[in-house]
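Line by line, the protein sequences are chains A and B. Going by this note's numbering, the letters in the first sequence line up with residues -9 to 551, in that order. Going by this note's numbering, the letters in the second sequence line up with residues 200 to 467, in that order.
Hints are supplied without guarantee of correctness; some may be wrong.
[To be verified] Now the in silico label distances, taken between C-beta atoms and shown as ranges:
1. A:Gly442 x B:Phe249: 54 to 62 Å
2. B:Asp215 x A:Gly409: 26 to 34 Å
3. B:Ser445 x A:Cys283: 23 to 31 Å
4. A:Glu403 x B:Gln354: 51 to 59 Å
[Stated by the list, open to error] Only pairs whose alpha carbons sit at most 30 Å apart, straight line, appear in this in silico DSBU-like list of lysine-lysine:
5. B:Lys366 x A:Lys428
6. B:Lys252 x A:Lys35
7. A:Lys359 x B:Lys371
8. B:Lys222 x A:Lys359
9. B:Lys320 x A:Lys428
10. A:Lys60 x B:Lys366
These are computed hints drawn from the structure, not numbers from a lab. Treat the numbers as computed from the prediction; the structure is a model and nothing was measured. C-beta: ideal position from N, C-alpha, C; glycine also.
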Amino acid sequence: MLGPLQHIDFPMRRYRDTEEIDYLIVGCGSGGGVLLQRLARAGFKVVALEAGPFWDTERDWVSDESGSHKLYWEDLRITGGTDPLAFGANNSGKGVGGGSVHWAAFTPRFHPSDFEVYTRDGLGADWPFSYETLRPYYEQLELEMPVAGPAYFPWGHPHGYPYGPHPMGGVGNALIKGCTALGIPVSIGGPVAILSGSRADRPHCIYRGFCIQGCKVGAKASTLVTHVPDAIANGGEVREYSMAHRIELGRDGRVTGVHYFDRDGASWFQRAKAVIVAGYAIETPRLLLNSACPGHENGLANSSDTVGRYLMAQAGNVVLGRFDQPVRMYKAPPAHALTEEFYETDPRNDFARGFAIQTVGPLPIAFGKQMVSAKRAWGWGLRREMMDYNHWASFGLLGEILPWADNRVTLSEERDQFGIRAPHISFNLHDNDHRLIKAAKNKTMEVMQAAGATEVIQEARYAHLVGAARMGKDPRTSVVDKFGRTHDIANLFVCDGSILPTQGSANPGLTIQALAARTADYLIAQGDTVFNSNRRDMNEPPMSRELAPSDTWGHGVPRVK
Amino acid sequence: MTKKPKSSRRLPLDIDPSLLPCKAGSGEAILPSEQPGYYPGYSNLSQQAFWDKATRDLINDRVNNVPRIRHFSAESALFWRVVFEHVLPQSDRIPERRIPLVERLDERLHNKRGVGYRYEKMPPDREAYRLAEIAINEESQSRFNAHFIDLPHLQQDIVLQAIHDGKPSAAKAIWKQMSIGRFWLLLMQDAIEAYYAHPWAWDEIGFGGPAYPRAYTRLERGEPEPWEVEEQRYDWDAPRYSVSDSTESTHHLHTESRQNEFLPDESQ
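Whenever a hint applies, use it, and build me the whole structure from the sequences.
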């Protein structure tokens, strides 16, 4: 059962391990979920291995912060560097739907400039294609999720949203007030992949505020509700509690399948003609590194020594403002208004690239931790601050941190509960990052003050994860080509946030799903070629809109202009 | 508006009034009550008929079933119980309405449940708490020549303040292998995860709690839903024998490690 109205009431196909399937996808999250759906509809034999459970949302999910830990990837990871990242609830999902189960569902597109950062700024990297290549997939996925937002969104490539914006909560009102007082344009009521009105078998949002604890309502888009049901109806298989730990390489230099552990720790091997790794920015490089074998001592697809490198997180500093009047920020989706006015490189700044300012809505436990960091509150001071919870509003800045080679996933000597070597992550801010974060933090505090807050404080943190298996034209400096195919192995692909060369100041979820739909079109256009040839066709595939899930394309759905 | 929270009529004999919050300015102790905070009469649990079953079962289990201590020794459990009385004090609550904290930490450590990452400057959580108990006792010895547990309340507060400030005077060897800032954050997170997961704490701070399938409908201007209540503020001072009621904004520290690890802010 997926929400109060959604059911999967058809049997799921189950392939035998000994059967050689067409595509084996590792990870059923944002990228894997969309791929599974497209490839199943196109008639391929396709299985997604998912380390976590297949959720029964009515039974498994709760309206509770502390009861939602099972949604997060909480296996052992070692975090270090000068600026160590937090994982788990902060940015790592587990279970079918992956990160799209616990995202806030903010879905801004990347700007055209994001695809050519190196050309424009001499820093970071260029993408192997332009915004225009991805634009039709943005438009398509905005319908499939679908995305609610304003009819006119002015930044990047200006566009509108086909589904209506959400009403404002107290935090959104504060952002509008602060931005307006300073003459900063602001986007109201989205873009956010949460239904503002019911559609097909999914109900509308009820503004309960527990978006990042999993949407029991079914109003927030996750691939669990948007793509996986259609995948299963079309013969795709999701194999839950299946933790991949090694990709097998055949003597011909092509991969032959994936070894995985089931929930009891028994090891299995699923044969496949091609493998797509979609485990996100930590687990994807970890699996490639753990798959080292003779001839590939540094890990699979790592002849460039780039696997694990150029990991990115965005600066996610939260600015909190106290207002004399109550705000009650637990109501409404955390994500419901933003400004991208400071997104682009501004020559007047002492740094390249920029940032966005978005609404966030921490619930009490998250807010308490913020008071510890932002005010050094403890004891009676903490009790006192918490009693004022209803008077605070909070904005999250989203600041672009550039890709650096030393921000890196490697293998630790420590092992997880399966005995698999755990990842070690090293993260270090560089000069441009420091200057950008300081400016972004100060501007966000200025907006909060302009909104009328009588006290403004700040908690430093990071948001999202991308990179660590980046795509590029040059096999010496990137892991995969522009379609996600590894430069080294013709039937091994990566398709998730880890292939992003840069990240902009936009939440990555929409871009990850758009990239997955494009890679799916490529694989479908290639037909059997991927399975029996090492030929690398670099032509852009035609778009197959008709492979969208039922009720998301065609009659009865708004048209893209 | 000043309104006193509903109080039990008489001060229990085992409570020292200098450990209780006071009416602002007057120094008169506010007697322990069922529900401190500015939302008298507000009750999340009274709304549970409107919650979904999974949430209702989970919250009721949290309220009614307190796990027994399985990881800590009796001595360590008592030690951390006393520490929690300082980092998240509850002397303003009547004993039957205090929220169990050390039991939740013990349960987490017993099950070896992490949060999905460990700082390379930190040992595993069980070891972190073992080392910190030693370090806090050494700090107590160094400052006041006694074990932490044997110190008067105010001196215990002062010992913990030194850990909070990242300025220990003892146990340098332990704090060299374990980041004092990261440990403090871990301790506070465990305290907050236990206290603010409890519906009595939600009542105290006026948090609306679970709202599926019923929904929130009054999104603007901070207005209460029909089942929520308006805020009724009162002014209060922290207990005389405490040092924890002061805060300090760290907004000038723009990175997470500078805020929480006491790293020098070279950029200032």
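Hints the structure fails to honour
1, 2, 3, 4, 6 and 10
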